[in-house]
Every structure is written in structure tokens, then in C-alpha cells.
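Here's the letter readout for the chains.
2 protein chains.
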Amino acid sequence: MKSLLIAAASVTLLTALPAQAADLAATAAGLRDKALSDPTAWDVLESLTTEVGARPVGSPAMARAKDWSVETFKRLGFANVKVESFETGAWSRGPESASVISPYPQALHILGLGGSSPTPKGGLEAEIVVFSTYADLLAQPVGSLKGKIAVVTQKMTRTQDGSGYGAINAQRTSGPLEAAKRGAAAYLTRSLSTDDTRLPHTGGAAPAGIPAAALSTVDAELLDHMAARGKPIKVRLDMQSSFNPKAQAWNISGEIVGREKPDEVLVIGGHLDSWDPGTGAVDDGAGVAIMTGAAKVIASLPQAPRRTIRVVMFGSEEQGGSGGAYATAHKDEITNIVFVGESDEGAGVIWKVDLPKGSRAAPAMQTFANVVAPLKVAVTGDPSRFGGSDVAGMVRLGAPVADLHQDASRYFDLHHSADDTLDKVDPKELAQNVAVWTALLYTVADSDIDFRKFLAPEAK
Amino acid sequence: MKSLLIAAASVTLLTALPAQAADLAATAAGLRDKALSDPTAWDVLESLTTEVGARPVGSPAMARAKDWSVETFKRLGFANVKVESFETGAWSRGPESASVISPYPQALHILGLGGSSPTPKGGLEAEIVVFSTYADLLAQPVGSLKGKIAVVTQKMTRTQDGSGYGAINAQRTSGPLEAAKRGAAAYLTRSLSTDDTRLPHTGGAAPAGIPAAALSTVDAELLDHMAARGKPIKVRLDMQSSFNPKAQAWNISGEIVGREKPDEVLVIGGHLDSWDPGTGAVDDGAGVAIMTGAAKVIASLPQAPRRTIRVVMFGSEEQGGSGGAYATAHKDEITNIVFVGESDEGAGVIWKVDLPKGSRAAPAMQTFANVVAPLKVAVTGDPSRFGGSDVAGMVRLGAPVADLHQDASRYFDLHHSADDTLDKVDPKELAQNVAVWTALLYTVADSDIDFRKFLAPEAK
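Line by line, the protein sequences give chains F and X. So for the first sequence, UniProt numbering puts the first residue at 1; every next one is plus one. So for the second sequence, UniProt numbering puts the first residue at 1; every next one is plus one.
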């Protein structure tokens, strides 16, 4: 009932708009429909995951991905294709293994965390102490875990908005540090995942000077079962890894140049780098594909929109560095950046959009909300907050941002694991993302809305 | 409507039975209900998967499993606990890796097939030829794949009765031989699985003198995508394995001794051995647990049933040998074996029971059908055929058998992979299995039904 009333109100608004706004709405709706069947995003994603695959920063695959990116932008007709180099730290996995050696010898499935220290050559053996919550680990006195392997097996909650991940993120990112502080020789965490497969999920962690790895959810439960028997459990851990503090990395961009205000730029993107176990399909090949696809659909118009749309494939999100490098390099341009956005939450449908504070009532945004209503997108009054790691630096410098929330219900089954592969992406859901971004980018680029005017002074 | 009519007819039948049959029905129903909440099966399965884990024949873990088995039977009060040794061939996995080396370098996730030859030390490199169906491979002339790696990527169908597996089983079991016949240097098959995770599924194959492995379903699709580009694809394969033609193995059994006819024996069981990647929970820890649990529930009666129930934990089903060894060792006893059965199709609910031909109308079997009707079990007129690999030898010698079909819809997501773990078992579904077996074993062991009389002379 409520939604019907809202729809009716919106129609009234729309008919009250001037002719130009009606053109904007008609064009945006046409682009939306075109986006729903445009093959670009799927083709880009299929190409990246098939021809390049996993592409951790600092790897030869990432260098191939950079070349793939340039070639893709050029092939699709983007202008001003640009490769911006920067240096960042890159952790690289080596051979890894783990097993319970007594009293119940069994192999364990692990993935070292980015930032982990290696074990001594030949590995280490130690008794484990299993904590069923992260708080239980934090409650231990400093020094109390001397020589032990601390294990945290707290489970993650499946949620639509992905908040289950943020809620226990510290278990991975700070767990090694907290364990080390308490004297632990190594740290194991249950994967921050909602899956029930025996594939572990990696991710970054603050360097703590000790080896740190993620157990598959299945192996975490196996240790829970073993620990419940009350006998000392000894684990053998062998993890070799290396760290390059000055790895070469790249942000690659291409543009649809604005016809009236080419210097006013919408900077959008996804990240090209990925963790090493999967093929980086949902994290974040999908984001790269969605943004490239959306810009390409807009480029099919007889004339370009007024403002420039710049798609950036960021080169080091997982291990950090690309967002900061981009903001630094484009500091002088920041007042001309009229909008930033990143797609980096998988390939599930967009269900909610938070626009820059106060902009929802603006005619162009009313148009946007109407155009994406059939795609089941809630354009709420919640102000945008984040945008994504790679645009956060520009947001801090004053660039306006929107949050397009993707349905993350299934994302954390796949995220940072070998299961992050093309077959997990639903082409229709991917296309819905392209359609929503197309509608938003077009209505911002080709209308007179200026998000910069909505920014509260304290946000600048 | 139909089911209501059947139920009404059954009630009529039941009330028409003599007093003794009514006692049988009441006791069977009581045991069924007890089985639904009895913890034995779950506890046995939890103990085996936690304390022993994977237990391939010929491994130290299998020797531990044998000791676990003896201890479990004794702890649960079984009589005549017996370990029968035999020798069998045992293939053991060594280090394995595979990757595409050109033109799209990517790691591949594989598991060598049991019976596979190792690659030369240091591996082999060869071009792949991808066949999207097994028939396409078979259509190639002898010698035509010289020096190539043959890859078959045909998909498996998900079915309730597991027939999707049988339908393409030759792709794994005979594929290596057929590829070798055509000159192939190695063979890769898409895992015979319905899952979409990046965990491959192993299994036995006829030794073909070439290396043979299963790709995860995800990796098979990755090769499909690469092959569609039409360029030569080179793969590197390194598989080390060993084969022991005379590995020590064991069938372990325990009995509930019959009170009136102890020499008339129901021989039932599951197999204790497993493939190496998981913890052998659904294949076939579940079968071992269900049968042990059912016998234990029956043993809780104030007096034992008339006939003996013998639970066997068979020691080499996956690589073969335990069924043949058991039949040979018990040849002289065969005319006293009144029933055989194996649970070896996972831990999904029993949905259909095929009794020995012609026995469905016997009063005891009518009682059984009535008792399990609330558990949603269809007792059909289809004659039993198979029973399971470990009892097939006894069936060939003339022992009567029933098929209790489990819902296999999800079984092949897990089967022979690292995902064959305890967390995949639903305790309620496991308990339904225990309840159905309890009802059948009890009605056979404590009534005057004699399945041997129903055997057609030609089946003997």
C-alpha cells in the first residue's frame, strides 16, 4: 500500500517537471532498458576472469590485468585512456599447510592472511587454544597465550546489507595483533564467511609479527568438536610468504568526455586487483564490469552527456594503496569532481541507494528514483557515507558520493575464496546493476544537478 | 487422495492381523519413535569424523578407524566383536598440481583419480583437447589424441534417486582408458558432481597407464570458456601417487544375538573406509552410524529379537575388496543369512524401499510399511536389485536383500570431496534413516518372515 502511494506521488512530481526534465527521464529510461540487455558488462567480466584470472597486486597476473584494462578501454572506445603508476606493499602467498598432529591427526584447510608473517622454515608445532568468540580472546591477559596457537571460531551472520561482515571484521584484521600481544605463536580465525564449503577465505590483517591464517568454516567447526573433548590438541603449521614493500601498481582509467562541461567529472570505478585464490569475479571483476558497461551504454547516445564520465579500474584495493594514490594524484582536480562512486560489493542486485545528503528531492534525483523503481531499488533518505575504499580518499577531500547497496546475502559465501568465480555471477543480476548505475550516472552527467552544492560545509 | 485411500486400506489390514502381529507393530512403532530421538547414530558419526577423519584404505588413519570401530562396538554393548583381515590394492595420493600455462596462465583445482598413474617426476606439459560430452571423446579415432591431454566437461544432472551419477559414471571410471586408447598423455574429467564450489571430487577409475584427475566443476567451466576462444591451450600437470597391491584391510563386525534363532543372521552395514579429501561423513560414516544406531535401538528392548542382527563396518568399499572378502569368508554361512542391507548413499532421508521380490504383501512387511508411513517412506512393489557394493557378493551367493533409497539430491554436492564433512549432515534426516532401518530390521528379526522363501530359484 505504502509503495503504491509513493509511486503515485512520484508520477505527479514527474508530470510537473519542465520539458527538459521529461527528456532526461525518457532518455534515462531508454538507457536503463538498453543496459538490461547490453552484453558489455558480462563480456568484460568473462574476459577478465578467463584470460587473466586471479590478480593480486605485485603479481605478474596484475601486470597482465593492467594491459588487459588498457586494451579493454580502447576496444570499447573510451577516450583519454590513462595508466597512473604508484607503489604499494604487496604480500605474496607461498606454500601453506596445516594439520592437527595429535590426538586426532587430520589435515586442516587454511589460507594465510595478507600481512601474515611466515612460519620458520619447516613450520611450527604448538598447542591450540580455541575461543568460540573474539571477545573471549580479548578477555585473556597479556602474555597468557605464550607459545600457543590462538584460534577464534566465532561465526558470521548472513545479512542483506553485509553488516555481518563488518560486525566481526576485527576477528581477522586485528586478531593476529591481539593474539601476538598475548604471547601467541600463531593465530587462526574461522573464515569471515557465510558458506559451508571447505574453502577458506583470506583477507588482509594488520601485520602482527606472527603467522596468521583463516580456517575454512568447516575446519573451524572440526576444531570446535575436537576442543569439546578437553584434551590438549597440537597443530602443525607451515606457511611461507613474502612481502614486497615497493610493488609497482596501476590505476587505469578511460573517459566518456562531456559535451558541455568536460572538466566536470564523475569518477567511478571498481578495483581490478583481487585476492589470489579465486578469479576475482565478484570481488571485484563485477564492479569493473558494471562501471565499464554502464559508461559504454551511455556512450551509445547520439551525443555525450554534458559532463565527463571517467571509469577507473583501481589497482590495489585488497592490500590498500590505490584509493590514496588516486586521491593524491587528483587533488588539484577535486573541486571539479562532481561525483564519485565505486561498485565493490559483488554482483547481487542493487536494492537501496543512498544519495548525497539532501539531494533526493532534486528533480534529477526524482527522475533517477522513478527510472529505477521498476528495478526494485529503494532510493532512501539515508545520506551516503562511504562509497568504497578506492573513492574514500576523494570523499575526504570533498567529493560528493552515493552508496549503491548491493544484496550481499550470498557475497560472503564467495568473497576472498577460490569460489570467487564467474559461474557464481547471475547475468541478470549483473545487468540490473548496470541499469541502475547507468540511470544514476546519466541523470547526474546530463542534468544540472550539482551534488557539490548539497555538501554541508563541515563535510568539505 | 490416493494416499488417503492407501492409508485406510492399510489400517483395515492391520486390524485384521492376529494378536502377535499387532504386538510386532506396536513394538516396531515404539522403536521407530525411540530411534527418532536416539543420539547413538549422531554420536557415532561425530566421533568418527572428529577423532579419525578421512580414512582411505591402506592409510594409518584406516588402521586407527579399525581400532575405533572395535572400541565403538564394545562400548555400545555389541557381542561377538570381530575383526576379519583381508588384503586389497590401495592407491595413495601424493602432491598434485595443475595449471594452464598458456595463453591464459591460471591455477586449476584437481584431485587425482584412484588408480591414476603418476606423471613423470617434475610433471608433464601438453596441449588440451576439450570435449563437452563423453560421447565426443569416444567418437575420436584410436591414436588421434597422441600427446594431448583429453578433457571431458560433460555436466551431471541432479536427481533424487542418484541416477544422474550412474548416467555419466563411465566418464570417470572408463574415461582414462578410452583417452589412453586414443593416445592421450593424460586425462581430465569434470568432477561427477552437482556442486558449484571449487572443490574437485575424486573416485576410482580403471588403471589406464596415464595420469587422470578430476577438475572442480568450476575449473571445467573455466576450460570451456578458454577453449571457446579457439587458441591452443597448454596445461601443466604434476601428480605423484603410489600404489600398494597388498594393503592390509579389515571388516569389523558386532552382533545383537538372536534369542531364538541366533544362527539366522541379518547382515547389515556401511563402509568404514573413505576417500581422502573429506572426513567421510556422508560417504559413508553416515551408513556406519545409521546401522550401528538402528541395532543399538533394537538392543534396548527387554529381550533381543528372535534372529541375530550383525552390523559390519566394511573396510574397503571405495577402492574395492571388502564386499568380496566378506562374501568369501562367509560363504558357508550364506544359507543362514536371512537378509543383507547396506546404507551407502549419504545421509538424506529414505524416501523409497524396495523389498525382496514378492514379500511386500507378507504381514510383517505390511506392518513395516505401516510403521514407516509417517516417515514419508514409499514401500513400493519394485523388487530390490542391488543393496550396496559390500553386500552384492552375498546377494550373488543367494542372500535376500532390500534397497532403502536415500534422497540423493544433495549427495553429489559432497561425495568424494573435501566437503564430505559432518556439518553437511542434518541430524533429523540421519534420525529418519535410523528409524526406517530400525523398523525394517526389527520386523524381519522378530517375525516369522523368511525372505529366503521369496527368492526365485534363478536368483539363488
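The hints are simulated quantities; they were obtained by calculation from the structure and are not laboratory data. Since the model is a prediction, treat every value here as computed from it, not as a measurement. Treat the hints with caution; some may be incorrect.
It does not matter which identical chain is used: a pair holds within one copy or between any two.
Dumping the calculated PhoX-like pairs for lysine-lysine here, alpha-carbon to alpha-carbon at most 25 Å [as the list claims (entries may be wrong)]: (1) Lys428 <-> Lys181; (2) Lys234 <-> Lys261; (3) Lys428 <-> Lys261; (4) Lys74 <-> Lys231; (5) Lys428 <-> Lys155; (6) Lys261 <-> Lys148; (7) Lys231 <-> Lys246; (8) Lys231 <-> Lys155; (9) Lys453 <-> Lys357; (10) Lys34 <-> Lys155; (11) Lys231 <-> Lys34.
Hints versus structure:
1. Lys428 <-> Lys181: Neither: 48 Å inside a copy, 43 Å across copies.
2. Lys234 <-> Lys261: Answer is neither; intra-copy 66 Å and inter-copy 50 Å both fail.
3. Lys428 <-> Lys261: neither (34 Å within a copy, 65 Å between copies)
4. Lys74 <-> Lys231: between (62 Å within a copy, 22 Å between copies)
5. Lys428 <-> Lys155: So lysine 428 and lysine 155 pass the 25 Å test across copies only (22 Å; inside, 31 Å).
6. Lys261 <-> Lys148: Neither: 62 Å inside a chain and 58 Å across chains, both beyond 25 Å.
7. Lys231 <-> Lys246: The answer is neither: 45 Å in one copy and 36 Å across copies each exceed 25 Å.
8. Lys231 <-> Lys155: Within one copy, since 23 Å is at most 25 Å while 45 Å is not.
9. Lys453 <-> Lys357: within (10 Å within a copy, 83 Å between copies)
10. Lys34 <-> Lys155: neither (41 Å within a copy, 33 Å between copies)
11. Lys231 <-> Lys34: neither (63 Å within a copy, 32 Å between copies)
Of the hints listed earlier, those the structure fails to meet are numbers 1, 2, 3, 6, 7, 10 and 11, in rising order.
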